[in-house]
Amino acid sequence: MEFEIFDLGLVDFKKSWNLQKEIFLKVKNGFLKSGLILCQHYPVITLGRSSNKKNILFPEEELKTRGIQIYEIERGGDVTYHGPGQMIAYPIFNLNFFKKDIHFFLRYLEEIVIDLLGDFGINAQRRIGLTGVWVEQKKIASIGIAIRNWITFHGLSINIKKEDLANFRFIRPCGMDIEMTSLETVLERDIEIADIKQNIRDTLSSNRGTLLQPKQRVSLLT
Amino acid sequence: MTKVILPELGEGITKATVSYWYFKEGEKVNEKEDLVELTTDKATFNLPSPASGILSEILFHEGDSVNVGEVLGMINEG
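Sequence lines, in order, name chains V and E.
If you use my numbering, the first sequence corresponds to residues 1 to 222, in order.
If you use my numbering, the second sequence corresponds to residues 1001 to 1078, in order.
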């Protein structure tokens, strides 16, 4: 699949949100086949459509004092946190040209992350009924998407640096009592975001062909 | 009258939850305009209006669970 990559570096959530909407319109109007935003965010808490505000465990004012922004957004799922130590990928993919199947696309995103972590020797897994990617009982990647006219936006975040994990204490991630982990925590060594970025580009590039063959892809997922 | 039906969303997906109606009953809608937003798993998605006319009836409201193939609302093309 052809997609243009937009590498934003460390940005405010709002900036990447606006760019997603711009790219979405380009894809919808046929000016771009698909797009992929790669970035990191300054500390931010986002609430998806299924959110319960009780899952933010600290007063909003205190979070703002700590420099953490809060946004209610149109993706699926509950509350999550993003910070500079995560790799974020927002695929704005036109599923009209592939497979119009919401679960298939969610499983595809999980597989991208599992492939990527596999390159680091980590045996990451899905958990039935829980979207996301896990290492043993801890969550390492979160997924929440929006689809309009079968074009996707929002996407996935992978915890890379261990420093960011402490900020998950401000919320109940996804509205559940789950423990988060990071690539650095699992590997017990430092990892550079730049390396992950290259890796995710390579992983997605090598999957370009397979997304064009969804039926074969499904068999890999079972 | 045109029915607004929850279409097939993919293998293994039998239902979705209404999260937002972009219009109220009695309002005019245009074909292909976003009509209602739903959620399933960790995804939200939209249903465009299947016809131009008046949204005469909403059968499933925000928070309601809808099965694939069920009628969510009616458009009166009058």
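It cannot be assumed that every hint is accurate.
[Claimed, not checked] Straight-line C-alpha distance at most 30 angstroms; calculated DSS-like pairs for lysine-lysine: (1) V:LYS28 with V:LYS100; (2) V:LYS138 with V:LYS64; (3) E:LYS1003 with V:LYS54; (4) V:LYS33 with E:LYS1024; (5) V:LYS15 with V:LYS26; (6) V:LYS54 with E:LYS1015; (7) V:LYS54 with E:LYS1032; (8) E:LYS1024 with V:LYS100; (9) E:LYS1003 with V:LYS53; (10) V:LYS26 with E:LYS1032; (11) E:LYS1028 with V:LYS54; (12) V:LYS139 with V:LYS26; (13) E:LYS1015 with V:LYS197; (14) E:LYS1003 with V:LYS162; (15) V:LYS138 with E:LYS1015; (16) E:LYS1015 with V:LYS162; (17) E:LYS1028 with V:LYS53; (18) V:LYS162 with E:LYS1032; (19) E:LYS1003 with V:LYS28; (20) E:LYS1028 with V:LYS26; (21) V:LYS54 with E:LYS1024; (22) E:LYS1003 with V:LYS14.
Source of the hints: derived by calculation from the structure; they are not laboratory data.
Source: prediction; values computed, not measured.
Each hint tested on the structure:
About 15 angstroms separates the Cα atoms of V:LYS28 and V:LYS100, which keeps this hinted pair within 30 angstroms; it holds. A hinted pair counts as satisfied when its Cα atoms are at most 30 angstroms apart, and V:LYS138 with V:LYS64 qualifies at roughly 28 angstroms. Simply put, E:LYS1003 and V:LYS54 have alpha-carbon atoms about 37 angstroms apart, too far for the 30 angstroms limit, and the pair is violated. Of the supplied pair hints, the one linking V:LYS33 and E:LYS1024 is violated, its CA atoms being roughly 34 angstroms apart against a limit of 30 angstroms.
At roughly 17 angstroms between alpha-carbon atoms, V:LYS15 and V:LYS26 fall within 30 angstroms of each other, so this suggested pair holds. Taking the CA atoms of V:LYS54 and E:LYS1015, the gap is about 26 angstroms. The hint holds against a cut of 30 angstroms. For a cut-off of 30 angstroms, the pair hint linking V:LYS54 to E:LYS1032 is broken: about 36 angstroms separates their Cα positions. Taking the CA atoms of E:LYS1024 and V:LYS100, the gap is near 28 angstroms; set against the 30 angstroms cutoff, the hint holds.
A hinted pair counts as satisfied when its Cα atoms are at most 30 angstroms apart, and E:LYS1003 with V:LYS53 does not qualify at roughly 35 angstroms. In summary, the hint linking V:LYS26 to E:LYS1032 is supported, as the alpha carbons are separated by about 18 angstroms, within the 30 angstroms threshold. For the hint linking E:LYS1028 to V:LYS54, the alpha-carbon distance of about 36 angstroms lies beyond 30 angstroms, and the restraint is violated. As the CA atoms of V:LYS139 and V:LYS26 are separated by approximately 34 angstroms, the hinted pair breaks the 30 angstroms bound.
Straight-line distance between C-alpha atoms of E:LYS1015 and V:LYS197 comes to about 36 angstroms, which puts the hinted pair past the 30 angstroms bound. For a cut-off of 30 angstroms, the pair hint linking E:LYS1003 to V:LYS162 is broken: about 51 angstroms separates their Cα positions. For a cut-off of 30 angstroms, the pair hint linking V:LYS138 to E:LYS1015 stands: about 29 angstroms separates their Cα positions. Among the hinted pairs, E:LYS1015 with V:LYS162 is inconsistent with the structure: their alpha-carbon atoms are about 38 angstroms apart, more than 30 angstroms.
For the hint linking E:LYS1028 to V:LYS53, the alpha-carbon distance of about 33 angstroms lies beyond 30 angstroms, and the restraint is violated. Proposed proximity of V:LYS162 and E:LYS1032 is contradicted: the alpha carbons are some 46 angstroms apart, above 30 angstroms. Proposed proximity of E:LYS1003 and V:LYS28 is supported: the alpha carbons are some 25 angstroms apart, at most 30 angstroms. About 27 angstroms separates the Cα atoms of E:LYS1028 and V:LYS26, which keeps this hinted pair within 30 angstroms; it holds.
For the given pair, V:LYS54 sits about 29 angstroms from E:LYS1024 by alpha-carbon distance, which is consistent with the 30 angstroms threshold. Between the alpha carbons of E:LYS1003 and V:LYS14 the distance comes to roughly 37 angstroms, so the proposed pair goes past 30 angstroms and is violated.
Hints 3, 4, 7, 9, 11, 12, 13, 14, 16, 17, 18 and 22 from the earlier list are contradicted by this structure; the remaining hints agree with it.
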